[in-house]
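Undergrad: Let the hints inform the model, and build the full structure from the sequences given.
2 protein chains.
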Amino acid sequence: MKKLAIGVDIGGINTAFGMVDENGDLYAESVISTKKYPYVDDYSAYVRDLCDAMHAMAQSLSFDYELTGIGIGAPNANFHKGTVENPANLWKFRDGESDPDESRRIFPLADDISKCFGGVRTLITNDANAATIGEMIYGNARGMKDFIMITLGTGLGSGFVANGEMIYGHDGFAGEFGHIIVERNGRECGCGRRGCLEAYVSATGIKRTAFELMARMTAPSRLRSIAYDDFDASMISAAAEQGDPVALEAFRFTGEMLGRALADIVTVTSPEAIFLFGGLSKAGKLLFEPTQWYMEENMLFVFKNKVKLLPSGIQGKNAAILGASALIWQDTK
Amino acid sequence: MKKLAIGVDIGGINTAFGMVDENGDLYAESVISTKKYPYVDDYSAYVRDLCDAMHAMAQSLSFDYELTGIGIGAPNANFHKGTVENPANLWKFRDGESDPDESRRIFPLADDISKCFGGVRTLITNDANAATIGEMIYGNARGMKDFIMITLGTGLGSGFVANGEMIYGHDGFAGEFGHIIVERNGRECGCGRRGCLEAYVSATGIKRTAFELMARMTAPSRLRSIAYDDFDASMISAAAEQGDPVALEAFRFTGEMLGRALADIVTVTSPEAIFLFGGLSKAGKLLFEPTQWYMEENMLFVFKNKVKLLPSGIQGKNAAILGASALIWQDTK
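Note that the protein sequences, when read in sequence, are chains L and H.
Letter 46 of the first sequence, counting from 1, is numbered 46 in this note's numbering, and no numbers are missing.
Letter 222 of the second sequence, counting from 1, is numbered 222 in this note's numbering, and no numbers are missing.
Don't read these hints as lab results, they were simulated from the structure.
Where hints are given, some of them may not hold.
No copy labels: a pair is met if it fits in one copy or bridges any two.
Simulated crosslink set (DSS-like; lysine-lysine; CA at most 27 Å straight-line) [claimed, not checked]:
#, residue 1, residue 2
1, 2, 115
2, 3, 207
3, 145, 81
4, 308, 81
5, 92, 304
6, 36, 115
7, 304, 81
8, 3, 145
9, 306, 81
TA: Written out as structure tokens, the structure is:
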């Protein structure tokens, strides 16, 4: 009988899910709103409605299959405990609501979802780790034992694989490479500190860079006609492709910051390859060329010209569902 | 029958070796000179004389035992290939001697030693990785699956363990945390770049710091009477214990540099503990207190107050032999 896993990708706006076999083929998919359930006391209804929608999807299949497990990618997920802990944008306290326990909101999501499916094995990890396992099972990292995945979205996520295994770390939260500090007293970061890599290298980071450059440079630029609030990172790619000097410098600088940080982390984990995934990585050589150049320029001699910088092999709209489902196939190997 | 492993620690001056059981008890030990064999064409004689001395030691035991394997700690060792590659201070070319292949000197040491002992399993890694495995098998990391070892000698070595396994990386050279760049255009490093962590945090690093501080500060200091060439790091500990202001500031600064770097790397591997090993770590709270403070001060919120900073449990003169022998016990588990 065909074996399928359900992959669930929980974002702040929507929760997408699908049924996937071990080759990464998708047999059914569906979506529910996440943002309809904004508060702590909406969490139970969210779980109930998500399970109902998953059952409806599962029943839509016209062939027999065995459900091997459910893999979930979610922000602030703890792989070891199966929980989502203090997510910034999910199931918040209502204004004025107080929290007896130092505002910790810990949701036992893996257990709750598993219960709706007769106790089937259910694993959870953050979205970047899920994408990393997706790359290992279905993507360009197949057969690799040591690699790094960098996911470039609103922030910078990462996943590290060593000896063929995901590094979750002692507390289940490893892989926060976006929060190494690359500039003392640098840009403010959402984490409350300053100078984190993701404040420079991410969709938000390159936008901040473009605004800094508009102040620093005198060259004309089409970007100067757009207000900060109306601006998104894709406008920089579009401008760079037209030769806009501010946009080109923004990519060069972003590649410099990323390349230097990668040279540092290569000394620690010595990966075979580094994959770039997500929105900003779609800018292609605008990003890859300076990143590669600065990575090699700053590399310790023993690692020079050894580490491949590659695009992800699971780009596309289903990458997050595939990544989450891969948690199950990874675990059964 | 009792099982024993031989641990071999190859330094630039001497090669020490001993016979160790799986509890870390040492039954015999001996030493030969390394520096008597300085050149590439001395390598064969070195291997022959080392094997002879190891056999003599093995025959000195008055009871029957089974030789489980030989573990070697050596500079620039490649675990995957069993080689020592381009070591800076071992088996060099003679002046004027040329190298047809871009000065690569690759010595198949694991195979060569194994052959002298009837093909017994022989593993090799660098000294910091050997110490790391020693900590895991005999020391304070017993039972830990995720930890970091920092060895503070002339340079800064490191070993990373994740999911209970040593991270050797794709090419076998992982764990060069001493060469992350902590100061752009900072101090010159032996690796040819600038601003590496070990140029600040190591016996050499704190000595450089003391000299910088003597220039920057006006406070009196007993260190001002010692020439650079006559100076070693232990003088800074001795002065700091007497309240010398330059020496105290040197430790504070060293702790700041190390603490910041540790906060960064914790975000990536999320260890249960970080162990400090080697000469500089013997300064105790002079080093541990500022390191801990700056590590926590710079830590991403999810990791705050979670990661233990601990002294190594295998300090002492046999640590390097124990560490090397632990390669064998680690591999048989």
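Undergrad: For every hint, state whether the structure bears it out.
TA: Okay, the hints, checked on the actual structure:
In this homomeric assembly, residue 2 and residue 115 come within 27 Å of each other (Cα to Cα) only inside a single copy, at 23 Å, whereas the closest approach across copies is 51 Å. For the identical chains of this complex, residue 3 and residue 207 are neighbours neither inside a copy (44 Å) nor across copies (62 Å), given an alpha-carbon limit of 27 Å. Taking identical chains as interchangeable, the C-alpha atoms of residue 145 and residue 81 lie at most 27 Å apart whether they share a chain (25 Å) or sit on different chains (16 Å). For the identical chains of this complex, residue 308 and residue 81 are inter-copy neighbours only, at 21 Å across copies versus 34 Å inside a copy, given an alpha-carbon limit of 27 Å.
Only between protomers do residue 92 and residue 304 lie at most 27 Å apart by alpha-carbon distance; the minimum there is 22 Å, versus 46 Å within a single protomer. When the C-alpha separation of residue 36 and residue 115 is checked against a cutoff of 27 Å, the pair qualifies only within one copy, where the shortest distance is 22 Å, while the shortest distance between copies is 69 Å. In this homomeric assembly, residue 304 and residue 81 come within 27 Å of each other (Cα to Cα) only across copies, at 18 Å, whereas the closest approach inside a single copy is 39 Å. Proximity of residue 3 to residue 145 under the C-alpha cut-off of 27 Å is restricted to the intra-copy arrangement: shortest distance 25 Å within a copy versus 32 Å between copies.
Taking identical chains as interchangeable, the C-alpha atoms of residue 306 and residue 81 lie at most 27 Å apart only when they sit on different chains, with a minimum of 16 Å there against 37 Å within one chain.
Comparing the model with each numbered hint stated earlier shows that hint 2 is the single one that does not hold.
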